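S.K.: Full structure from sequences and hints, please.
Heads up: the protein sequence lines correspond to chains A and B, in order.
Quick note: the first sequence uses the working numbering, first residue 1, plus one each step.
Quick note: the second sequence uses the working numbering, first residue 1, plus one each step.
Some hints here could point you the wrong way.
Said to hold, decoys possible - Here are the simulated lysine-lysine pairs, BS3-like style, with alpha carbons at most 25 Å apart:
1) B:94 x A:105
2) B:94 x B:84
3) B:88 x A:105
Read the hints as simulated data drawn from the structure, not as lab findings.
None of the values given here were measured: they were computed from a predicted structure.
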Amino acid sequence: MNLESIPLQAFLIVSSALFCIGIWGLLNSRNAVRVLMSIELMLNAVNINLMAFSSYIDNNLIQGQVFTIFVITVAAAEAAVGLAILLSLYRNRVTVDMESFNLLKW
Amino acid sequence: MSIAITTQFICFTVLSLVVIIGALGVVLLESIVYSAFLLGGVFMSVAGLYLLLNASFVAAAQVLVYVGAVNVLIIFAIMLVNKKEDLKPINDIKSRRVISTSICLTLLSLLIRVDLTNVWNLSSPQNSIGEESTIRIGEHLFSDYLLPFEVASVLLLMAMIGAIVLARRDVMSKDISTGLPVDQELIEKSSEPLLTNKN
Chain A
1 MNLESIPLQA FLIVSSALFC IGIWGLLNSR NAVRVLMSIE LMLNAVNINL MAFSSYIDNN
61 LIQGQVFTIF VITVAAAEAA VGLAILLSLY RNRVTVDMES FNLLKW
Chain B
1 MSIAITTQFI CFTVLSLVVI IGALGVVLLE SIVYSAFLLG GVFMSVAGLY LLLNASFVAA
61 AQVLVYVGAV NVLIIFAIML VNKKEDLKPI NDIKSRRVIS TSICLTLLSL LIRVDLTNVW
121 NLSSPQNSIG EESTIRIGEH LFSDYLLPFE VASVLLLMAM IGAIVLARRD VMSKDISTGL
181 PVDQELIEKS SEPLLTNKN
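M.R.: Written out as structure tokens, the structure reads:
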């Protein structure tokens, strides 16, 4: 194999795998904290994607890196609000089991 | 790029293996504390991948924000809600697992197929600004991305106030749903769960 650098596809495959692991964790976790962790994994997969495209396709203007910084900002805000909601839920229902949060079930 | 190509390949392989195996550990391990620390490892490895892509500023931001803030926040949340509880068994858990796993694997194969078959319009490496990326990010943030930058600051303020309001301890003298007086000292250990009997 005679390559100049790491192919773009390698980064894309890693990010796809990370995204699918995040979705699996989101669907299958019983613990609400683990659901938040899965969301963080998915956001990181998106960030890897943006960074890889910014480095391989737009390597002069690097707008993908700016987008990644905004995604990191929103992820931090989301984590803070999500964990506050989680604490409030725990105070009301004394559990973090996702199956017991069924007030919105119809 | 300055690092030799073999070193880059070795670094990339190790970092991606740590990312994938760590992420699997995050969703599969029984203990939530191990999951939280593995999540920190995954964040660090993603920062390493950013360094391989010539993005030192974003790598530093990743370490500071994710490992320094989000991961610590998650560990604090685990510490606050870490109660041993026996989960109620779900009767159709098997079929749910099978369906969700097959959906995830289908999505993964679709994504990998798109990654491999699409012809990407790669730009030539000599246009790359490489190590100058921090300067270019600063130029972007203060010229064409100035409005999103300012909106992000408002968003962070809103998130901060919202988190404080949501996580604040109630100081009312009466319970809203039951009407009973609230024992202020034992507010974390309320004798009966407030909402569980409503459904």
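S.K.: Now look at each hint and say whether the structure bears it out.
M.R.: Right, here's what the structure says about each hint:
Between residue 94 of chain B and residue 105 of chain A the alpha-carbon distance is near 21 Å, which keeps this suggested pair within the 25 Å criterion. Under the criterion of a C-alpha separation no larger than 25 Å, the hint pairing residue 94 of chain B with residue 84 of chain B is consistent with the structure, at around 24 Å. Annotation: proposed proximity of residue 88 of chain B to residue 105 of chain A holds, straight-line Cα distance about 18 Å (limit 25 Å).
Comparing the model with each numbered hint stated earlier shows that all of them hold.
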